[in-house]
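Student: Sequence:
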Amino acid sequence: MVLQGDAGPPCPPIALTASPSPPKGRIQRSLTPQPSGHRPRRLPIPCFRGRTTPPSPTRKRAMELQKGKGTAAAAAPGAAGGGGGGAGAGAPGGGRLLLSTSLDAKDELEERLERCVNVVTSMTAGVSEREANDALNAYVCKGPPQHEEICLGLLTLVLTEPAQAQKCYRDLALVSRDGMNIVLNKINQILMEKYLKLQDTCRTQLVWLVRELVKSGVLGADGVCMTFMKQIAGGDVTAKNIWLAESVLDILTEQREWVLKSSILIAMAIYTYLRLIVDHHGTAQLQALRQKEVDFCISLLRERFMECLMIGRDLVRLLQNVARIPEFELLWKDIIHNPQALSPQFTGILQLLQSRTSRKFLACRLTPDMETKLLFMTSRVRFGQQKRYQDWFQRQYLSTPDSQSLRCDLIRYICGVVHPSNEVLSSDILPRWAIIGWLLTTCTSNVAASNAKLALFYDWLFFSPDKDSIMNIEPAILVMHHSMKPHPAITATLLDFMCRIIPNFYPPLEGHVRQGVFSSLNHIVEKRVLAHLAPLFDNPKLDKELRAMLREKFPEFCSSPSPPVEVKIEEPVSMEMDNHMSDKDESCYDNAEAAFSDDEEDLNSRGKKREFRFHPIKETVVEEPVDITPYLDQLDESLRDKVLQLQKGSDTEAQCEVMQEIVDQVLEEDFDSEQLSVLASCLQELFKAHFRGEVLPEEITEESLEESVGKPLYLIFRNLCQMQEDNSSFSLLLDLLSELYQKQPKIGYHLLYYLRASKAAAGKMNLYESFAQATQLGDLHTCLMMDMKACQEDDVRLLCHLTPSIYTEFPDETLRSGELLNMIVAVIDSAQLQELVCHVMMGNLVMFRKDSVLNILIQSLDWETFEQYCAWQLFLAHNIPLETIIPILQHLKYKEHPEALSCLLLQLRREKPSEEMVKMVLSRPCHPDDQFTTSILRHWCMKHDELLAEHIKSLLIKNNSLPRKRQSLRSSSSKLAQLTLEQILEHLDNLRLNLTNTKQNFFSQTPILQALQHVQASCDEAHKMKFSDLFSLAEEYEDSSTKPPKSRRKAALSSPRSRKNATQPPNAEEESGSSSASEEEDTKPKPTKRKRKGSSAVGSDSD
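Going letter by letter, the sequence shown gives residues 1 to 1103 in the working numbering.
Hint data in this document are derived by calculation from the structure and do not stem from the laboratory.
There's no promise every hint is true.
Said to hold, decoys possible - Here are the simulated lysine to aspartate or glutamate pairs, EDC-like style, with alpha carbons at most 16 Å apart:
no.	residue 1	residue 2
1	LYS240	GLU303
2	LYS711	ASP651
3	LYS642	ASP664
4	LYS759	GLU706
5	LYS541	ASP496
6	LYS648	ASP664
7	LYS759	GLU702
8	LYS953	ASP929
9	LYS895	GLU864
10	LYS215	GLU161
11	LYS711	GLU694
12	LYS292	ASP250
13	LYS261	ASP672
14	LYS893	GLU915
15	LYS642	GLU685
16	LYS711	GLU653
17	LYS194	ASP250
Just so it is clear, the structure is predicted and the values come from calculations on it, not from any experiment.
Take the sequences, apply the hints, and build the full model.
Tutor: Below you can see the structure in the form of structure tokens.
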């Protein structure tokens, strides 16, 4: 069967971890859909003890079906989709539900569902319909396990027995006690994990069942529809894929009113079918389907354009691909010349292009199987071993001419969704740029190749460092960089495309595109993705015309490794954006002149790395009358009256009463949700004063905190806390908050404060996650970072107050985030630092954990001096072993990172030296001005001389036991430290010089002398000459083994060379520093071998 596909890659790919999140209880309409890979929260199934529930829409429909059972029964075969009479009993080579071969093990899910079917059959076989209903209802009332068994059994019968589908669905609607929650969850699991193995009849029945769920208005059916759309593969025009695309489109078209209730479903459907239109051409059947898709998309785009706007800039990319279709040609004219015709809030195409596309849209155009294979390649496959996996993927998904359009989806997914951790980036796992390079080099169509390059550079065109991620633009620059040697044509065509896209993408916005590309390149250099771009842009392998064009377009990057910070936009264009970086309160900044002190100017002129924070003078804000007249006319009369009462309210208590009445009216069943946006505008204007000044009271007590959360606007938060568990209007209040958030981004950290401070919100901090997913951002991490950034700018005391709860409640979003830590340490003072340290010591706050602390401290190396000291103080407050972060030594340069080196040095002096510590310390390059290694070794000599001697002996013998050409390849367990025999000897010689005039007898210890003797016996003449004083200790140890150790030490330390070196240490260091050159001259074959082996180690995994 085609559905079984290939045998799979040689190693089994990782399985997707989750399916879309099920709806919560009695929520009126579903919240934001969860993308693939999201881990849904598992909701407890309530225990029913014979209680009856009010008839839900599903139950009402089931009752109607029961009353008209004759008609329903007659319609059942047709409604079931005509899957074939015998198919329900199981097709050859498989069970009733899934396809399988004789070699396949029995599927666990199928076995469980069959057991549930047997339970249902045992109660309903041979009895009347009424007796069967009574038996089923009595059984489900016994408890959640029994309820689940019956629901899953009836679901399986619907899927496998088309003739009984109508009756089983009616029974399912009658016995379900959780709003079909179990059924929806299981359907999502089947779609995500088992769809490719489903029998054809089951697929047909699954479509029929989803149609019935939508007709019944079951809460969460929109999530199932989105999962179904994810299974429609791009670039696939096989009969079964076309059938699925048309079936889902029919459901969305027939149930249009239901679709219009869910903004996210509208956006997801538009994104899906705009992309599929490109594939559907040629035959009459495809042309007919294409016309249905065009009509569907045009109607939604024209009627609900603001909902489609949440897609972001990729909506423009998809509309470009279908621009030649007459209906879309007219739409484009309105977008460019008359944007207000689509929506009064739409200001023009720039608004759309400056909005980042959420990951959930980029991920929706890959089937779960494609996504699993790509995630496997980017997380498990080693670089150099990827060919067989790529060949399998090519055969499965990219082997036909129609499949070329899928490359854009794959590239957008890799750039926007697959963001590997620092551990993966620094490992030998297959990098993203290599996969993208493979997709580009195997492209067989010029049109597809152009579209693929546009997909790769798309985030560059309007890149903003404040809103976009470096990970979105990194693959393109690395593809060009790494392809220069093996595939210079790829690099040349990408550079040419980058230059030509600036004037040709959209001429009226050429200045903005130039700014976006410049910002991308500048950010790439700032983040050290590439040290500088001149070797790439001015490479001799490029032809002269291309190099000339690059010099003309980007002169800053062709000549200097440090480009300027900004470029001017040629023409001013209005940029009104509903995002967090705009909408700053103008009253925050004062126009009075401000100047730095003379001392600071002097320091700055000397080139010190300083950042002066300007604190504006705060003046008394003059309250201006609020004008909400334009909004009042759009409200219902009753709501308008309450808003006017709210405006006229003189005291807080009266305003709170009116605000509660407004919330109650919003929660009424007949409330028009279209008015939420207007109401949010009114509330934002009326409560501007809420968002000025400090939120946190001066004296923090239980009473003062409770009083501070008594503002009228906080009543929305209070109602949200009260209804989270069992109120069907929970999502409606979230929608109101989402509208408020677009107009006043500060509402986010006010919600965090309320959940932290209010007694009514105790234990409800997870509400913030629901809020974040309901916003246009749709992502907890992004929302949290933006809210904490807004809080940092407005109220540092509140930022410190929120920090413990934020780190405690959202560990996955905070403990790996150097960005959040930098926000905190950038603004706190010494008293606030001490307060945070106390929180850590008392166990109230955890800011680091072992698996991420090293990466965060490495990120901190670019921060300001005080920020780095704060980060180290907070780290030292934790009880994390120093071995966890000791690999950071390999990143520290004595001139650039004095803060980290001094903190690490003070911490090392408190530790007993382990062999790994000593190895890391000795692996630092020797330099006359870098005293780090000598100082810590000297301290350990004084405190732990015997232990240090044993470790050094072990390291000397290990490094001397292998040929010299292998020493550059050896590394510590951290894969960061590289230690050579010469380094150890240089550091020991420096230590010997430092101990010359002391009474320390470290070099008279037997382990040290034995190790030196061992090294001397096998090293070359160049090393013997260079380290003659060190080796003289070993010679005297051998010649005068009967003498006391003290006399040996005196003889060694009083040699003429020792005295000379002691009086002139700089000359000794210079001699040491130039040793490598003399070694190369004396032993010519060895450097050649070392160089060749070192170069081969870069791409080798076997060593």
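Student: Compare the structure with each hint and give your call.
Tutor: Status of each hint after checking the structure:
no.	hint	result
1	LYS240 x GLU303	violated (31 Å)
2	LYS711 x ASP651	holds (10 Å)
3	LYS642 x ASP664	holds (11 Å)
4	LYS759 x GLU706	holds (7 Å)
5	LYS541 x ASP496	holds (14 Å)
6	LYS648 x ASP664	violated (20 Å)
7	LYS759 x GLU702	holds (9 Å)
8	LYS953 x ASP929	violated (26 Å)
9	LYS895 x GLU864	holds (14 Å)
10	LYS215 x GLU161	violated (21 Å)
11	LYS711 x GLU694	holds (14 Å)
12	LYS292 x ASP250	holds (9 Å)
13	LYS261 x ASP672	holds (11 Å)
14	LYS893 x GLU915	violated (22 Å)
15	LYS642 x GLU685	holds (15 Å)
16	LYS711 x GLU653	holds (9 Å)
17	LYS194 x ASP250	violated (23 Å)
Comparing the model with each numbered hint stated earlier shows that hints 1, 6, 8, 10, 14, 17 do not hold.
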